[in-house]
Structures are given as C-alpha cells and as structure tokens.
Amino acid sequence: MVTNSFIKVWVIMAKNSLQNKLLSPSSSIIFILGKLFNYAFSVLIIYSIFNQVSTIKNFTSPQAIIITLTFSLIDSIIQFLFRSLYTFRPVLLKGDFDLDLLKPLPSFFRPLLSGPDFLNVPMIFLQIIALIYFLIKFSLVPSVGNLFLFLLIGTNGIILAFSLHLAIASFSILTTEIDSLVMIYRSLGRAAIVPTDIYNNFFRIILSYVIPITVIFTLPAKAVLNILTPGGITYSFAFTILFLLLSLYFWKYSLKHYSSASS
Amino acid sequence: MVKYIRIAINTLQEYFVYRVNFFFGRLQVFIFFVMFFSLWSAVSAGRSSLGVYSIPQIYSYFVVGYIIKAFVFTTRTADIGGDIQNGNFSTLLIKPISTLKYYFSRDIIDKLFNLFFMFWEFILILLLFKPELAMPSLFNFIAFILFLFLSIISFFFYSLVISFIAFWSEDAWSSRFLFGVVFITIFSGQYIPLDFLPPVIGKILDYTPYPYMFYYPLKVWLGQIDQNMIYLRLLNGSLICIFFYFLSQFMWLKGKQKYQSYGN
Numbered sequence: 001m002v003t004n005s006f007i008k009v010w011v012i013m014a015k016n017s018l019q020n021k022l023l024s025p026s027s028s029i030i031f032i033l034g035k036l037f038n039y040a041f042s043v044l045i046i047y048s049i050f051n052q053v054s055t056i057k058n059f060t061s062p063q064a065i066i067i068t069l070t071f072s073l074i075d076s077i078i079q080f081l082f083r084s085l086y087t088f089r090p091v092l093l094k095g096d097f098d099l100d101l102l103k104p105l106p107s108f109f110r111p112l113l114s115g116p117d118f119l120n121v122p123m124i125f126l127q128i129i130a131l132i133y134f135l136i137k138f139s140l141v142p143s144v145g146n147l148f149l150f151l152l153i154g155t156n157g158i159i160l161a162f163s164l165h166l167a168i169a170s171f172s173i174l175t176t177e178i179d180s181l182v183m184i185y186r187s188l189g190r191a192a193i194v195p196t197d198i199y200n201n202f203f204r205i206i207l208s209y210v211i212p213i214t215v216i217f218t219l220p221a222k223a224v225l226n227i228l229t230p231g232g233i234t235y236s237f238a239f240t241i242l243f244l245l246l247s248l249y250f251w252k253y254s255l256k257h258y259s260s261a262s263s
Numbered sequence: 001m002v003k004y005i006r007i008a009i010n011t012l013q014e015y016f017v018y019r020v021n022f023f024f025g026r027l028q029v030f031i032f033f034v035m036f037f038s039l040w041s042a043v044s045a046g047r048s049s050l051g052v053y054s055i056p057q058i059y060s061y062f063v064v065g066y067i068i069k070a071f072v073f074t075t076r077t078a079d080i081g082g083d084i085q086n087g088n089f090s091t092l093l094i095k096p097i098s099t100l101k102y103y104f105s106r107d108i109i110d111k112l113f114n115l116f117f118m119f120w121e122f123i124l125i126l127l128l129f130k131p132e133l134a135m136p137s138l139f140n141f142i143a144f145i146l147f148l149f150l151s152i153i154s155f156f157f158y159s160l161v162i163s164f165i166a167f168w169s170e171d172a173w174s175s176r177f178l179f180g181v182v183f184i185t186i187f188s189g190q191y192i193p194l195d196f197l198p199p200v201i202g203k204i205l206d207y208t209p210y211p212y213m214f215y216y217p218l219k220v221w222l223g224q225i226d227q228n229m230i231y232l233r234l235l236n237g238s239l240i241c242i243f244f245y246f247l248s249q250f251m252w253l254k255g256k257q258k259y260q261s262y263g264n
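Residue numbers (our numbering), protein chains in the order written: chain A, 1 to 263; chain B, 1 to 264.
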C-alpha cells in the first residue's frame with residue numbers, strides 16, 4: 001500500500017519533470033547531443049588506447065569496450081533516477097526542504113527521487129542497443145545465467161549508487177555544500193570507464209573500498225563478460241548492505257542536525 | 001581601475017565564504033588528474049613507448065596538461081549565461097562599470113586563486129607520483145609560453161561567446177554543457193593525445209579551435225612540432241583568438257539589443 005502510493009507520487013513527479021524538459025526542446029536536444037558525443041568518444045578513446053597496446057592487465061580490447069558500454073549504461077540509469085540531487089542545494093538554501101519533511105513520503109524522496117532526468121532515456125535505449133550489438137559482434141553474448149547475474153549485480157550497484165547519493169545529500173544538509181561533492185563522485189565514477197582492476201594499488205583500493213565505484217560499474221560488466229568471481233559477488237552484496245546501512249544512519253544523523261535556512 | 005580591483009577583491013572574498021565548495025572543486029580537478037595519470041601509467045607499464053610518445057613524454061602530457069588546465073580553463077565567464085537568464089544582468093547594466101571588464105576582473109582573480117592552489121597540488125603530484133618528465137628546449141619553452149598566452153585569451157573569448165548564446169536561447173546551461181564542457185574536454189585532447197585518435201578525426205579537429213587550447217601547447221613542450229610548423233600554428237592560434245574576439249564583440253552588441261530583463 002505504502003509502496004503503491006510512493007510509486008504514484010514518483011510517477012507524478014516524473015511527469016512534471018518530463019513536461020519541464022519538453023518546455024525547452026532546443027536545450028533538451030543540445031543536452032542529448034552532448035551526452036551522445038560524450039558516449040561515442042568514450043568508446044572511441046578506449047578503442048584508440050587499445051590500438052596502441054593489445055592488452056592491459058589481461059583485459060583485451062573487446063572486453064574493455066564492453067566494460068565501457070556497460071559503465072555508460074549504468075551511469076545513465078543512475079543519472080535518470082537520482083538527478084534531483086543536483087538541484088537539492090537551492091531547495092536547502094531557500095528552506096523549502098521543511099515543507100517536504102512534512103509530507104507523508106520518505107525524507108530522502110525530495111533530494112534523490114523527485115526529478116528523474118528524462119534526457120537520459122534516449123541514451124539508455126541507445127546504450128542497450130549498442131551493448132547488445134557489440135556483445136554479438138565480439139562473440140561475447142552472455143548465457144542466461146550470466147544475464148541474470150548481470151541484472152542482479154547491476155541492481156545491487158544501483159542500490160549502492162543510491163546509498164552514495166544519500167550520503168552526499170546528508171553531507172549537504174550539514175554543510176549546504178553539494179555541487180562539488182557530486183562532481184567528485186562523477187569524476188571518480190568516470191574512472192570506471194575502464195576496468196578498475198588496471199589501476200595501481202592505492203587508487204584501486206579507493207575505488208573499491210572508500211568510494212565503491214567498482215561495485216557500481218565494474219562488477220556488473222564483469223558479470224556480463226563471465227569473469228566475475230564468487231568472491232566478487234559476495235563482496236558486491238556485503239558492501240552494498242554495509243554502505244546502505246551506514247548512509248541511512250548518516251541521513252538520520254544529518255536530519256537531526258538540520259536547521260531550516262530560512263527560519 | 002580602482003573599482004575593478006575592488007570587484008576582484010570581492011570575488012576573492014566570495015571564495016573564502018564558500019571555502020568547502022572551493023576545496024572540493026580543486027579536489028575534483030586533482031582526482032581527475034589522478035584518474036588519467038593512473039590510467040596512462042597502467043597503459044604504459046612495461047613499455048618503452050606509446051605511439052610517437054616516449055613514456056616520460058606521455059607522463060609530461062598529463063602533468064604539464066594539469067598546469068595548462070589551471071591557466072586556461074578556469075573562468076568565471078560561465079556565470080554570464082546564468083546572470084542573463086535570472087535577471088541579475090540588469091543590475092550590472094545600470095551600474096557605472098563596463099560589464100565585460102567586470103567579468104574580466106572576476107576571471108583574473110579566479111585564475112590567480114586557482115593557480116595558487118594548483119602550484120601546491122603540482123608539488124604534491126611530483127612528490128606522490130615522481131613522474132619522469134620530458135623538458136623542452138629554450139626555444140620550445142618560449143613557444144610554449146606564447147601558445148599558453150594565446151590559449152588563455154582564445155578560451156576567454158570562446159567562453160564569452162558560449163555565454164552570450166543565452167541572449168537568444170531559453171537555457172544557458174545546455175550550450176555551456178555541449179560547447180564548454182563536452183567539446184572542450186574531448187576535442188582539446190584532455191582525455192587522450194589527439195594523434196591516438198583515428199587520423200580522419202585528427203584532421204577534422206585541425207580545423208577547430210580546440211587543439212590550440214591544450215593539445216598544441218603540449219606538443220610544443222614535448223618538441224613534437226618542428227620550428228616552421230610552430231610559427232604556422234602560432235599564426236593559426238592568433239587568428240582563432242582574433243576571430244573569437246570579434247565574434248564575442250558582435251554577439252555582445254547584438255545580444256544587448258535582444259536582451260529582455262525578467263526575473264527578480
């Protein structure tokens with residue numbers, strides 16, 4: 001029952017968000033064009049790097065390209081779902097968040113889920129088609145089991161991304177600083193354009209255990225490629241549960257210390 | 001002159017108000033560097049060269065590139081689009097100051113402030129990564145400085161042009177995202193040296209301003225452009241600078257006539 005009403009509200013907010021994008025079609029097209037360039041050149045860059053070297057830490061060019069394509073797909077889904085975090089700062093500064101806290105919705109609804117970004121939808125479709133095309137082209141089509149594992153680990157990665165966004169929202173409540181923190185996450189996330197295994201120890205540890213970009217992006221890609229170990233699966237689920245609990249705790253802590261900016 | 005110094009000081013004070021945001025902003029730039037440096041370290045591991053680059057040259061590409069980014073791509077002209085759209089621009093127009101000089105003053109202080117932090121970050125990079133760097137000859141170093149100067153001026157006017165699009169468009173950030181973020185980072189060679197891309201793309205990019213803002217200054221530093229070509233590239237770079245200067249002036253004049261103040 002609660003879930004149903006939650007979904008109803010999300011659909012209404014999503015419709016509003018879509019209408020908002022449709023109000024300025026030219027700028028929406030320019031944004032999509034930018035995302036398209038970014039996507040195409042990400043693949044081209046990886047292709048060009050592997051033109052210089054045949055393998056990097058045992059990863060071949062086709063594997064690396066599939067990892068890049070999977071990264072882009074998951075990144076677009078995350079951007080679609082949690083985009084409203086990017087506009088949370090003005091809400092905090094104006095004091096409008098007070099009104100959201102009074103509503104019978106989860107307190108994290110406004111900062112994380114209230115404004116899905118529909119500009120990512122065309123990209124998501126395109127990225128799914130490109131991923132399927134390249135999997136067939138490279139003869140890397142996953143088995144049904146691997147596909148199921150990919151969906152499972154991918155969903156797990158999105159839950160972890162939710163936790164990370166929630167931690168950023170919590171931090172922003174305490175400091176009202178948010179823009180650069182989101183950009184740090186984006187910069188670190190971009191590291192997963194290649195398999196995070198190829199980085200040196202220090203950077204790899206940060207990506208695996210501090211800001212777990214590896215779980216969000218690299219492990220689902222490994223599931224598609226059938227190179228995910230049982231240890232990787234366990235680590236993925238254990239880390240997500242731990243991170244989710246910690247970020248929920250941090251969120252509650254930050255709400256306790258929230259003081260309306262306008263009052 | 002005094003009022004523009006005052007504007008610069010006020011801008012500096014803004015940074016001290018939003019200290020955490022500035023710190024995270026610099027941290028983001030540093031992380032971006034660490035990511036690409038780590039990526040290229042992994043690519044070059046166990047190899048003596050990559051394409052036309054020796055390993056010290058590939059390290060230099062990204063380490064010296066870090067300095068270029070701080071000099072060239074730090075700007076406050078990106079604020080103009082937002083100011084036009086939210087109506088803040090009106091208050092600037094009625095003040096007894098030159099609007100362009102106002103943004104130029106903010107731009108200068110933004111660059112100086114970022115350069116100050118970049119200097120310490122650069123030392124940290126040298127200490128942490130101990131990269132073996134390729135050093136230029138005296139001639140190439142002087143040419144590099146000239147290129148850098150041209151890049152700074154070109155990007156300033158290029159960024160003004162992007163911001164002035166807001167006079168005609170309903171959203172300032174879409175054009176900034178496409179031309180000021182995506183095109184600049186991809187086509188200027190910040191992700192990958194452009195000669196690693198398929199030759200046809202390199203040839204197309206040669207007719208755009210982007211390689212002149214990042215890639216060619218680095219090629220000069222690395223001594224990979226011969227002397228006659230350096231003169232030609234400098235001439236091209238100067239023409240790009242002049243083109244964007246006149247384009248920005250034209251758009252400024254036309255944009256002011258088109259400007260409609262709304263907002264608060």
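Think of the hints as simulated: they come from the structure by calculation, not from any bench.
Quantities reported herein were computed from a predicted structural model and do not represent experimental measurements.
Errors might be hidden in some of the hints.
Pairs of lysine-lysine residues, derived as DSSO-like cross-links and limited to a Cα-Cα distance of at most 30 angstroms, are as follows [claimed, not checked]: (1) A:Lys21 / B:Lys256; (2) B:Lys130 / A:Lys57; (3) A:Lys137 / B:Lys203; (4) A:Lys137 / A:Lys8; (5) B:Lys203 / A:Lys94; (6) B:Lys95 / A:Lys21; (7) B:Lys3 / B:Lys111; (8) A:Lys21 / B:Lys254.
Structure-based check of each hint:
Note on A:Lys21 and B:Lys256: the hinted pairing holds, with a Cα-Cα distance of about 27 angstroms set against a maximum of 30 angstroms. About 22 angstroms separates the Cα atoms of B:Lys130 and A:Lys57, which keeps this hinted pair within 30 angstroms; it holds. Simply put, A:Lys137 and B:Lys203 have alpha-carbon atoms about 28 angstroms apart, close enough for the 30 angstroms limit, and the pair holds. For the given pair, A:Lys137 sits about 41 angstroms from A:Lys8 by alpha-carbon distance, which is inconsistent with the 30 angstroms threshold.
The hinted pair formed by B:Lys203 and A:Lys94 fails the criterion: a straight-line CA distance of about 50 angstroms is larger than 30 angstroms. In summary, the hint linking B:Lys95 to A:Lys21 is not supported, as the alpha carbons are separated by about 35 angstroms, beyond the 30 angstroms threshold. For the suggested pair B:Lys3 and B:Lys111, the alpha carbons sit about 19 angstroms apart, so the restraint of at most 30 angstroms is met. A hinted pair counts as satisfied when its Cα atoms are at most 30 angstroms apart, and A:Lys21 with B:Lys254 qualifies at roughly 28 angstroms.
Hints 4, 5, 6, counting from the list given before, are not met by this structure.
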